[in-house]
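Asker: The lines below spell out each chain.
There are 4 protein chains.
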Amino acid sequence: MATVAVAGASGYAGQETLDRVLAHPALELWALGSDSLAGQPAGALDPRLGRNGWSRIPRFITNEAALESGADVVFLCLSHEEAAAVEPPPRSVVVDLSGGHRFADPAVYDAWYGFSHPRPEGLESWCYGLPEASPPAGRLVANPGCYATAALLALWPLRDEIEREAVVIDAKSGTTGAGRTLTPASHAGVVLENLAPYRVGEHQHAPEISSLLGFPVAFTPHLLPVRRGLVATCYARSKGADLRAVLEEHYAESHVVSVLPEGVVPELARVQQTDGAEIGVFDDRLTGMTIVVCALDNLGKGAAGQAIQNVNLLFGFEETAGLRLSGVLV
Amino acid sequence: MATVAVAGASGYAGQETLDRVLAHPALELWALGSDSLAGQPAGALDPRLGRNGWSRIPRFITNEAALESGADVVFLCLSHEEAAAVEPPPRSVVVDLSGGHRFADPAVYDAWYGFSHPRPEGLESWCYGLPEASPPAGRLVANPGCYATAALLALWPLRDEIEREAVVIDAKSGTTGAGRTLTPASHAGVVLENLAPYRVGEHQHAPEISSLLGFPVAFTPHLLPVRRGLVATCYARSKGADLRAVLEEHYAESHVVSVLPEGVVPELARVQQTDGAEIGVFDDRLTGMTIVVCALDNLGKGAAGQAIQNVNLLFGFEETAGLRLSGVLV
Amino acid sequence: MATVAVAGASGYAGQETLDRVLAHPALELWALGSDSLAGQPAGALDPRLGRNGWSRIPRFITNEAALESGADVVFLCLSHEEAAAVEPPPRSVVVDLSGGHRFADPAVYDAWYGFSHPRPEGLESWCYGLPEASPPAGRLVANPGCYATAALLALWPLRDEIEREAVVIDAKSGTTGAGRTLTPASHAGVVLENLAPYRVGEHQHAPEISSLLGFPVAFTPHLLPVRRGLVATCYARSKGADLRAVLEEHYAESHVVSVLPEGVVPELARVQQTDGAEIGVFDDRLTGMTIVVCALDNLGKGAAGQAIQNVNLLFGFEETAGLRLSGVLV
Amino acid sequence: MATVAVAGASGYAGQETLDRVLAHPALELWALGSDSLAGQPAGALDPRLGRNGWSRIPRFITNEAALESGADVVFLCLSHEEAAAVEPPPRSVVVDLSGGHRFADPAVYDAWYGFSHPRPEGLESWCYGLPEASPPAGRLVANPGCYATAALLALWPLRDEIEREAVVIDAKSGTTGAGRTLTPASHAGVVLENLAPYRVGEHQHAPEISSLLGFPVAFTPHLLPVRRGLVATCYARSKGADLRAVLEEHYAESHVVSVLPEGVVPELARVQQTDGAEIGVFDDRLTGMTIVVCALDNLGKGAAGQAIQNVNLLFGFEETAGLRLSGVLV
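Protein chains in written order, with my numbering: chain E, 1 to 330; chain Y, 1 to 330; chain D, 1 to 330; chain C, 1 to 330.
Chain E with its partners taken away, still in its complex shape (with noise of 0.2 Å):
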């Protein structure tokens, strides 16, 4: 068993995460941290965590006081900013599920993320952890982001085998993807019956995906009118092996992402409130480009759901321990 405070429950990563915390096996809930709601039951937050049938939840605290509340796992589940900005309490697990602590070098912050980093010089000891690419490898851990969680999961093992100047990354999300916060493009009036790419040949989450590749690629994300999941599609084309069965060879012990048959197309509904990630593979019959689609959601397995799997594996824990993985819901 081990313990977790989680920092910034109250947003989006931060619910997700604690929701996963609660319904794990080996994990104790500790900490429930959130500036907003300091003080007040978790009730506050939402009202099932106030009904019968609950394991005793603690009551909200500071997130410094989670921080220093000596748990074995912290969840960072912050602004990128105020994250980059925090001190790793010594001796516990520290899984950033923001981007602040995902780049070596600082100077990516000022050119992508619009701050400049306040830690530059503590970048170097975090770990980007993508179990099915990059596992994690110490003990702090720079939780991916989520469009680049589904790209890396297209294309990470195909890097040696594709062109490196032809790769494209359409993605699409929904709107859980930009966080609680109030902004004129979350109200819902801008958001139902409609769709448009934001951030178009700037958003940050090329640079995390170029790291990884070891080649720049473009990425334009667009924001979906529903409430969770992402599907990126990508463009590749082959130096000459055969993707689909490089693909399934990388996934075949895996039980949480899939490669589908052919002809079967990812889909937002199946991976919906789940921790798992779909991959489909088509040729292209006029280019003879490979297109690869990886559906997942983004608050799972790209974001909480990635995070406890993180945890899962630097504690020895099984990989998919507390992970939402099993439901055929419709």
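Think of the hints as simulated: they come from the structure by calculation, not from any bench.
For glycine and all other residues, C-beta sits at the position ideal for the given N, C-alpha and C.
Watch out, some of these pointers could steer you wrong.
[Claimed, not checked] Listed next, the stretches of chain Y that the computed footprint assigns to chain D, with coverage defined by at least 3 CB atoms under 8 Å from CB atoms of chain D:
| id | segment |
| --- | --- |
| 1 | 121 to 131 |
| 2 | 179 to 188 |
[What the hints assert, rightly or not] Calculated Cβ distances over 10 Å to all of chain C for the following chain Y residues:
| id | residue |
| --- | --- |
| 3 | Thr175 |
| 4 | Ser210 |
| 5 | Gly327 |
Knowing the structure of chain E, use the given hints to seat chains Y, D and C on it.
Answerer: Just chains Y, D and C now, with coordinates in the frame of chain E:
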């Protein structure tokens, strides 16, 4: 442990029942019936059923073969008319998720369902299984309708405390409530960005609700542009009792139904993909009426979840075994 | 021709009013007011306003400047409290789309709107302008609320024919009904795949409806996951008259409100982006109540369209000039 | 004035064409064809067509009768295969909204459409009518596909300025793009809160786009949970020219297609229910590629609006007569 056969496993109610059986600690899947998929592997229904990590799932067989499989429990997930025609296998517990056995009086089928009941002599053998109002009491269980469940959770505890001439139930349901059959009204081009009432004044759940309450009610369902979930907004006039207090007492020990604190409204989003229900109670300032709002998932507490709950009660399992009640997903 | 000033042109009601003014054969846009956009070109609100083919549109000025512009008609598209504080410019026709002048009795504002009316002495000068029930009769017009419009189109012609103790109005509206202001409830992550009632038993449109009908009603609004449109489902008991016949006669000559044939239900999709309304009439088989359903667009007949219709009547233009009534878009 | 017959008026494209014909100052509706509604009044398609204020609309007749009605213009709103089999009535202008006459080479039908063209000898007589790239030049006009229109508006003016090996088109369309036919994929339970690509690498609009551009492209369509509208996100690499400048010059005089200012993204919501298109142009920081995004309404500029625009050009009417281009609806 009890063995289970699901007839009609490829419809929405069937798939959701299958989902809960696979997650249930004391139920073992024995036979999977679907006339359209007979002979095919489970993955033909949903690719998730063909993945790593799944317990072994049998191939589809015909519904008739599933009924004759000798399972301890048979779930009938068929159309009203198909289910009505089934001769219950001897000795099995049978839970009918359709409306085919909800009325002792066969005339209701002619008047409200549009067919004459093919086995009217057997109707008396079935009990109506709504755990919070009319717990199952025999091996043949008619599982309540989704709208009827919501209306009765809100109103059944109040039936002696309200005026019988003034009850209105206005309900709104997601599109899965109408099943997987293709109809002009189920086309996405009709459902998206739309809302409309249907079968106004003549929906078959009206007599079901009235039968349990003991007096007639006005009931109107509306189709929402959402996948799952249902809200019933019920208007009643108290004879004098504090209706909130009556409901709070009735559900004080329930792990399935929650009465929300004053001022908190039920929301579809909190009950979707769960087997629980939320109830809100409000006073109308102008008329003095009481407005009781119940939200549940039409496929959860409104269908498959309730079917499992009924089986749990009949077999003496923990009432909530296998149910989805604890998540706080966004 | 009449000249027009729009105050609050950057909100939903303001933008829709602007849209209809630009399409109106007898109205000329004179002043475009918005405190947040003052000084900017019209294209700052919406890039469509900066395109080829548009008639020349003036720059935004402050709301105060718009009010003082000397236009023949002033549309107030402000919040309730802002509009209530406006001193009507002399000689202009003023149409207030907010609730700031819908009641002669200032006590209603304290009791239902959460503020004390800042100019109570002026309230008697305003008339309530619902063309089909209470046509505008003076130069100061309080434009009805969206819910009130739907409820009154359904019930006002029936007010003397129904029992006064038994009227329930259950309404469902798209998200634009709540305006462009950012609130936790307007966040797309809350609205999508969700439905919930709000201000149950205490919404300010209840006294507005009751005031016109002459008796109290129970009214509950719900927020739909759609952008536009509103359905009010009204339950009433006839004293004896044929309520369908009464409604058909009342609207026989209307080009704005249609009573649908028997068996046809109103649909949001058919009234969205129009200035018309549809009414369906149904008998409830169990209780004998009559269910009258009205659908309209909350921003059309429920706001900007009705404001234009009121101006048409006051100026003697054709009643439907500039209205959107003829499309059959999917 | 010209008289009009619509064949297939009960489908989406047919209803939208009818809608525009009724609003057109120089077109007169002469014959309304639908095999399923023949003999019924226009209100059988949509109750709005039976209302006060409508110009007199003829009853439905069979498609064959509509084709033989002698109208000056015939719109074919039929399936690909039905339209392909039509012998064009002599002397009429015929606009085929299906894909039945978009290729001079009949082999394309075998390879991409799944049928052998029933009248291959006539294909040479048809011209491809995309006003901004390939204006109609004869009385038999093949109206472009919706995806092809968006891709070509974005890329056709750039065809000589971009590298031919690197063009990717990732498109997302609302559900009306697939027509009114009931299919498992059109069921609302599949479409809501979902997103999936379809016909990946083998959609029939890929050769249509490639044919106009003169080189192969990779094209993937996705189905959005919205009713109307389409976005095509196109990735290309300039040989050196300033691609934004090329597009701005190409569309400088257009009242139908707008190039948005720098930093402004196209949005479905602004083009829905219009006959215009929006184009945004962006540089990709990492790869130097140019991303050109085009949004339009699949039923407007992508179908019926373009059909009307083609007729306007052929008859010498004002190019935008009867088109919906001026609204700023929310």
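Asker: None of the hints should be skipped; say for each whether it holds.
Answerer: Outcome of the hint check:
Counting residues of the segment 121 to 131 of chain Y whose CB lies closer than 8 Å to any CB of chain D gives 0, so the stated coverage by that chain is violated, three being the minimum. Residues of the segment 179 to 188 of chain Y lying with their CB closer than 8 Å to a CB of chain D number 0, which falls below the three-residue condition for coverage. At roughly 4 Å, the least C-beta separation between Thr175 of chain Y and chain C is not larger than 10 Å, which violates its mark as non-interface. At roughly 29 Å, the least C-beta separation between Ser210 of chain Y and chain C is larger than 10 Å, which holds for a residue marked as non-interface.
Non-interface status of Gly327 of chain Y relative to chain C is upheld: no Cβ of that chain comes within 10 Å, the nearest being about 17 Å off.
Hint compliance for this structure: hints 1, 2, 3 are not met, and every other hint is.
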